[in-house]
Structures are given as structure tokens and as C-alpha cells.
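Participant: For reference, the chains in residue letters:
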Amino acid sequence: MKKTLVSLLLALMLVMTCFAGVAEVELPPIPEKYDLPIGDGSIPQLSIYMGTEAGYEKAYLTYDEHVAIKEWEARTGLDFTFVHPPLNDDGTFFLTTIASMDLPDMWSTGSFSSYYTGGVEGAIRDGVLLHLNDYITQYGYYYLTEAHTNWDEQAANNFKTDSGMYRFGAASQRVPVLGQQHTGMVVRGDLLDELDIDVPETIDEVHDMLVAMKEVEGVKVPLALEKLNSSYYYNGDFLAAWAGVTTNGFMLDSEGKVTYAQLQPEYKGWLAMMKAWAQEGLIDVDSTTRTHSDAEAMVTSGQSVMCAIGNWETQEDIAVGKAGTNNEDFVLIGLTAPAKDKDSVGETNGFARPIVNGENGNYWGISTTNPAPVESFKAFDYLYSYEGTELMVFGPEKAIDQLHKDAGQEVVIHWTNPDGTRQFSDYILKNPELEYNSIRYIYTIQSLSSEYASEMEYMQYGEPCNAQCWEAWTKYADSSRHVPSTISLTADEATVRDPIVTNVQTYIWEKIYNIVFGDDSIDNWDSYVDQLYTLGIEDAIKVVQDATDRYNAR
Amino acid sequence: MSQVKTNGPAIRKGYKEKNYFLRLFDNIKAHPWLYIMFFPVFAYYVLFHYWPMYGIIIAFKDFKPMMGIFGSQWVGLDKFKEFIYGPYLWRLVRNTLGINLGMLIFGFPLPILFALVLNECRSIKFRKVVQTVTYMPHFVSSVVVCALMIIFTRSTGIITNILAYFGMPKTNLLSIPRYFKTLYICMNIWQELGWDSIIFFAALTSIDASLYEAATVDGAGRWQQMWHVTLPGIAPTIIILLILRIGNLMSLGWDRIHLLYSEMVYETADVISTYVYRMGMTRMQYSYATAVGLLNSAINIILLLSTNALSRKVTESSLW
Numbered sequence: 001m002k003k004t005l006v007s008l009l010l011a012l013m014l015v016m017t018c019f020a021g022v023a024e025v026e027l028p029p030i031p032e033k034y035d036l037p038i039g040d041g042s043i044p045q046l047s048i049y050m051g052t053e054a055g056y057e058k059a060y061l062t063y064d065e066h067v068a069i070k071e072w073e074a075r076t077g078l079d080f081t082f083v084h085p086p087l088n089d090d091g092t093f094f095l096t097t098i099a100s101m102d103l104p105d106m107w108s109t110g111s112f113s114s115y116y117t118g119g120v121e122g123a124i125r126d127g128v129l130l131h132l133n134d135y136i137t138q139y140g141y142y143y144l145t146e147a148h149t150n151w152d153e154q155a156a157n158n159f160k161t162d163s164g165m166y167r168f169g170a171a172s173q174r175v176p177v178l179g180q181q182h183t184g185m186v187v188r189g190d191l192l193d194e195l196d197i198d199v200p201e202t203i204d205e206v207h208d209m210l211v212a213m214k215e216v217e218g219v220k221v222p223l224a225l226e227k228l229n230s231s232y233y234y235n236g237d238f239l240a241a242w243a244g245v246t247t248n249g250f251m252l253d254s255e256g257k258v259t260y261a262q263l264q265p266e267y268k269g270w271l272a273m274m275k276a277w278a279q280e281g282l283i284d285v286d287s288t289t290r291t292h293s294d295a296e297a298m299v300t301s302g303q304s305v306m307c308a309i310g311n312w313e314t315q316e317d318i319a320v321g322k323a324g325t326n327n328e329d330f331v332l333i334g335l336t337a338p339a340k341d342k343d344s345v346g347e348t349n350g351f352a353r354p355i356v357n358g359e360n361g362n363y364w365g366i367s368t369t370n371p372a373p374v375e376s377f378k379a380f381d382y383l384y385s386y387e388g389t390e391l392m393v394f395g396p397e398k399a400i401d402q403l404h405k406d407a408g409q410e411v412v413i414h415w416t417n418p419d420g421t422r423q424f425s426d427y428i429l430k431n432p433e434l435e436y437n438s439i440r441y442i443y444t445i446q447s448l449s450s451e452y453a454s455e456m457e458y459m460q461y462g463e464p465c466n467a468q469c470w471e472a473w474t475k476y477a478d479s480s481r482h483v484p485s486t487i488s489l490t491a492d493e494a495t496v497r498d499p500i501v502t503n504v505q506t507y508i509w510e511k512i513y514n515i516v517f518g519d520d521s522i523d524n525w526d527s528y529v530d531q532l533y534t535l536g537i538e539d540a541i542k543v544v545q546d547a548t549d550r551y552n553a554r
Numbered sequence: 555m556s557q558v559k560t561n562g563p564a565i566r567k568g569y570k571e572k573n574y575f576l577r578l579f580d581n582i583k584a585h586p587w588l589y590i591m592f593f594p595v596f597a598y599y600v601l602f603h604y605w606p607m608y609g610i611i612i613a614f615k616d617f618k619p620m621m622g623i624f625g626s627q628w629v630g631l632d633k634f635k636e637f638i639y640g641p642y643l644w645r646l647v648r649n650t651l652g653i654n655l656g657m658l659i660f661g662f663p664l665p666i667l668f669a670l671v672l673n674e675c676r677s678i679k680f681r682k683v684v685q686t687v688t689y690m691p692h693f694v695s696s697v698v699v700c701a702l703m704i705i706f707t708r709s710t711g712i713i714t715n716i717l718a719y720f721g722m723p724k725t726n727l728l729s730i731p732r733y734f735k736t737l738y739i740c741m742n743i744w745q746e747l748g749w750d751s752i753i754f755f756a757a758l759t760s761i762d763a764s765l766y767e768a769a770t771v772d773g774a775g776r777w778q779q780m781w782h783v784t785l786p787g788i789a790p791t792i793i794i795l796l797i798l799r800i801g802n803l804m805s806l807g808w809d810r811i812h813l814l815y816s817e818m819v820y821e822t823a824d825v826i827s828t829y830v831y832r833m834g835m836t837r838m839q840y841s842y843a844t845a846v847g848l849l850n851s852a853i854n855i856i857l858l859l860s861t862n863a864l865s866r867k868v869t870e871s872s873l874w
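In the order they appear, the protein sequences are chains H and U. Letter 171 of the first sequence, counting from 1, is numbered 171 in the numbering used here, and no numbers are missing. Letter 11 of the second sequence, counting from 1, is numbered 565 in the numbering used here, and no numbers are missing.
Among the clues, some could well be false.
Claimed, not checked - Okay, derived cross-link-like pairs now, EDC-like style, lysine to aspartate or glutamate, Cα gap no bigger than 20 Å in a straight line:
1. H/430 / H/401
2. U/724 / H/280
3. U/635 / H/498
4. U/724 / H/520
Just so you know, these hints were derived from the structure itself, not from any lab.
Construct the entire structure; sequences and hints are all you get.
Facilitator: See the structure below:
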């Protein structure tokens, strides 16, 4: 009954989202629809720079052989080849590719926002990428159809920078993920039951729970941390929000003005807590070299009881944890960001980042050296069509089993129900050889998906553990204290901000780690803050404030 | 005793009258195989070390890849000033010099000592086994060695546990700034001791055996033979290698440090090459990184020239 009610509510949300999408947003008219195929055989092979999804390697060496790409090529009449950066590229491969001046023809990547000075707009100014606004107004039939159909005011703001550039390639978010806080802290629910401890709500209760886990359950390092400047932390700030700060970087103060987290007096309080926890052995110094997977593995192997995860990892972590601890009762439950004290429970955590339509950093770009920019643009634009989206999100309806190519047996990947919803087959959902999150990427490609389709998301996040995590993480959560992630800086502003932030980050994280885990005293913190001013942090704050003001004035 | 007349001086005079290229041509004709063998090395240096040098220009420009080296805006010495007046100059110089001096003080004499000790060993079989065992770490990839180091020095690692037995803290050793240099130097000595000693073994074999016989006849013991025959015999090799090492005092490969360090130990671990890597390869500040690298190379050249001149004056051995 409860499940039916939830389904009905979600369906209602979906319908409301569709209606809400028909908003009065100023958009260019939809241009004339173009014919497929786009290419006539005369276009040279086009190279695409794109990361890979974990799991594809079970069947392919590169995406050149991917069944969804083969189908995309057949429909567009174009021939693609791929340049894949190594997994966990720290920007080295991406920037080296650009510096080589031997540019790939097309790009599907978030690396411009992460590593290129000035982001996508910086790359356009430097002559690396083409400005696609004219292409969108002339040829963007499917992109603008999607915009006219589904963008509300917020989506329109997110899909367009304040300089007027459209974020081409950013994916549309749909329910059930839309509006959810997608990362957060989880704790071993079975051990809480065993110790008869209520789910902690305040930071002191979290502390007491960790102490109990260490002392009673003998857990070695109760809280498994990865590097403290990991995006898992400042995308939710469940560790620092109680103190009124974000873990790292720019934030809005209580007046809505841009400031820097490490300059706030409250930051010292958070540091003091972390140092105390380190001294009590609740967190450990190895976290300075630990990756996210390491932290997850510590929980799933029973060495820790609490860590940060994304909701896409919840089901798998529980399954691995059951095997890793040899305990069928192993369960992870999501924690609401801890409040400062009991009186503060229920206050808004403005440092969360619930999913917003069009906010992801992925970008489909076309290099200035591309020999066929119009055709390349149309090939990307096609992925905003219903069929194009379906191909990349659900894969082809049928394909040769890529796990056993030699057998040549055709398998069903997905089908469309009479009510129009799409459904993965059991071959994808219950494959005995590979789990869902690996096998689906043998037939689908996320970074070429223009939409996080609802049906797919329901299939992925349909378990109660996912619903519980979303509920806990999203409760009292908004992003009102974060600088909007879609602000854009001018070339001059980026030139001012980026070197300062580089120096500040290098300097301050060294100090933070030495205070929390090393011999450095918290009493020295004020002098470190003074050094941030010497490094020019106020100039960086000013340019970010200007960009935020422009964004808010739109 | 009759004097042998030679026409040597006359030939040398005629030889000198020819210009350089004619002499080179004559030499190539006289020793073609030597030049054929030399060519790949020559090509390697031209292609990979001299030809790319034109790229140094970007240190004086605000380099944008799509504008090219010559199309990018000229900014003169701005990037050098940015580094010199920036917050990290002295720390980087201190760390680069500190680690290299540590390697020089401990890492340079140890292979010599090792070669001398092993040279005195009578059992050839034992000597060969020891040599092979000590060479082997050199062939292990830096990535593997550093990964082992990270694991062994974690709070639960074997090295940490052994050191904890002697009173050291049982914590992640690589996260403590004051231990980083020591750990790095020890790791390098372990990996390169055997390999670095090869050249000294080669020098030892070139010492004339009759000198040892003469020393024995004169009543010299093993210690005196080592002191008065062996060490002087390999001294030129030691001096040449020392000059080369000092010439590289400001150079330190970035890869191993990059694999081992973290923000927590930048204070003692961040060196010029890792800083150049971070700025150039992950922060897109190509011109700035090139300026830092160029400054570093200039200091290296000055060090090399000074050491060479000093060595020529004091020991009469030098590179040129």
C-alpha cells in the first residue's frame, strides 16, 4: 500500500514537472528540422574526447566498438573515433591534449569547467572551442525543442550562462533524482540497532555514536574519511555545515555576500572538532592518502562504520558489506546532516546541493579545428531527440550479447511499455555475470545522455535504502549558502581568481591537514588566515561577488 | 742510443691548418663505425633535448596553445617575477637542495663504500649473488616502489611497526613533514645502491694489478692497499660523478615525490619539479611553469660550471 502511494506521488510529481516545464522563458524559435542521416559519406572520421563509464571495459577496448555508438553512426551517417582520458585524470591528460594543439574534433567532458582557466567560455575565448549559440539557433532543432518543452525559469538560468552562452550537453534532470541531495553520510544501521543507539541528529550525538562504536564494537577507525577537500564533502557539507561553514572555498555568508569558508571564524570550530576526533582515534591520518573507494571499502569490510557516499553507490555498498563482513544484517542508513545542538535540529542546511536541472558540468563542444562543425553539431543535437536520448540512456532495443560476442546471440536490452515508459530487460537488471551499474554501460553511454530519464532512475534507485538516503540527506537541505555553480567569469576575472585560488588552496590545505592530523596547533590558525589576505583572497572574493551579482540580476 | 725521428709535429701542423669540417670529414672517413655508433646518441640529443629548446620562449610569453608559441602575447619577465616574489620560492629551493644534499651526503658515498667492501670479498660466488640482489631493486618501477612505501609506512605498515618498536609514533609516517626527506632518501638508497656501484666496480677492475703486487712487496696490508692504491685508482671516477651530481643539485625528478607526497607534507616535500608539474600540467599555467623550470636550469648550469672550475683547480680532474 505504502509503495503504491509513493509511486502515485512520484507519478504526480512527474506530471507536475512536465506542466511546470512549459514556462515563459525567453528562447530562440525552434529552427527547421533537419533530415537524417546527417553525413553523406564525404565527412572524414570525427574524433571525440570523452571519458568512459566503469564497466565498458568488460566488452570493449574503446568506445569505437560500443553498440550505442555503432547505432549512432548508422543513424547519423557519420564515423566517430574516440580519445579516452585515463580514469581519475587530474587534468594532466586533458590539458596536455589541448597543449598539443592536435585537438579532437568534438568533446563530451566536464573537464573544461574543472581544469580550463575560465571554463568553457575561457576555451572559446582562447580559440579552442567554437561558440555554439549560432549553431543552436540555426540547427539546434532538438535542443531547442527540449528547451521549449521542459525548461522552467530555473532550468533556463542553469542552461545559459550570464554571458548568454548555452550549456550544450548539460543533461536534463528528471524525477525522482531532481531536487534530491545525492551525496551524504551513511552509518551501519545494524550496529546502531545492536547498541540500541538512536540515529544521531546532532554533531555531539554523532561523536558519542562513533565513540561507542570504537569502544563497544571495537571498530578501529569509526569514521572513514577520504581527503577532506574531496567533492563528496563540500557537495553536502554534512561534516561542517553544523558550524555554519562549507568545508572548502567560496560560500555565501548569512547576508548572502560572497566570502571564503576558511576566513570564517566558525571554520576554526570545525577544525577543532576534527582535531579532537583525530586525537580520539575516531578518524585517522591515513585519510590524507585515501581515495573515496578506500573509504567505502573500510566500511564494507567492517573496519569503519561511517563514510560519505553517493546514492548511486548505496545498493552495491550494502551488498558488498554483507559479503565483506559476513553479516546478512549489514545495512547502511543515510544520516541527516548533523545539527549543532538539539535546538538546531530542523534548521535548514544551506550548504547542501540538491540536484538542479541543467546544473551538471558536462559540455558537448566542437573544436575550432573541426573539419565538419555543422554535421558534428547536428550529431550532438540529435541526442536531445526522443530516439537519441533513448539510445544513449537505454541502449538499442536489441543487440548482440557483448559479453559473449563469439556466440553471436541477440539479447533484448530494453523495450517500451504500452504506456510509453521504457524498461530495461532482466538481461540488464538481473544479469548473473555483471551487476546493473556495469552491464548497462556496455549498451548505454551516460556522458552522451541528454537526460536522466525517470524510468531509468526509478530502476536504479527503487530500493528502500535509496529512498531512505534521499529522505535523510534532502531533509532540511538547500543550497542557499553556496555560490551558484553556474556563475561565469569574464576572461579578466578568471585571470585574477584562478592563480589566487591555486595559491590559497595549496597553502591552506597543508595547514588544515597539519592541524587536524599533525603537530600544528589550532592556535596558529588565525595567522594562517592572515596569510590568505596576503595571498590576495579579497581580490578573488571580489570577482566572484561581481559574477554572482550579475547572475542574480538576470 | 739512436733517436727515432718522427714526423708527428709536421702532421699535427698540417692537421691544424685544415678547417674543422674538413678535419671532421677526414675523421669520419678514418673511423666510420665509431660515427655510426655515435649517430643515434647524437640524434637523440638533437631531437629530444636541443630542438625542443625553442619552446623556452613561452617562459617570456602568456602562452595560449591555440595562439601558438609565436602568436602568444609577450610578457617579458613577468612570470619569473611572479615566482621570485611568490610565496613558495624559498621553500622549493630549500626542499630541492635539502633532498639532493641528503642524497649527496648519504647516497653518493654508500655505493663507493659498497663497491670497495665487495671488492675485498674473496668469494666470487658470494660477491656475484650480493651484486645481483642489490641491482634488482633498480629494475622495479618507481610506481611499484612508491606504492610499497606508502603501504609500509601507513599507521599499520610494516616499517611503521618496526620503528614503533624503537619508540617512533605509530602513525602514517609519510604524513609527518619532518620524516619525509629521510624516508625518501632511504628509499632511493635502497633502490639504487647496487646500480650506482656498478661504475665503481668497473673503475676498480681497471686498476693495474701490479700496483697491488708492488704494495704487497712493500709490506702494505689490505687496509693500506685500499687507502693508497684502490681509492686513488678510482678517484677520477669519483670526482667526475661528484661534479655531475653537484651540477644537478637543483634537479630532482618529480615522479617519485609526486607519488609519495600529500598536502600535509608540502612544507618539506614540495620541490621545484613537483611544483612545475602541478602548475604546468594540472593548472594550465604553462608559461609560469616554464619560467620556473628555466630558472632552475640556469642555477644548475652555474653550479656545474663552478664545481667544474673548482675541481680543475684543486684536483686537476674536471669534465672539460
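Participant: Each hint: holds or not?
Facilitator: Checked hints:
1. H/430 / H/401: At roughly 14 Å apart (the allowed maximum being 20 Å), residue 401 of chain H and residue 430 of chain H satisfy the hint.
2. U/724 / H/280: holds (14 Å)
3. U/635 / H/498: Measuring from Cα to Cα gives roughly 18 Å; hence the hint holds.
4. U/724 / H/520: holds (18 Å)
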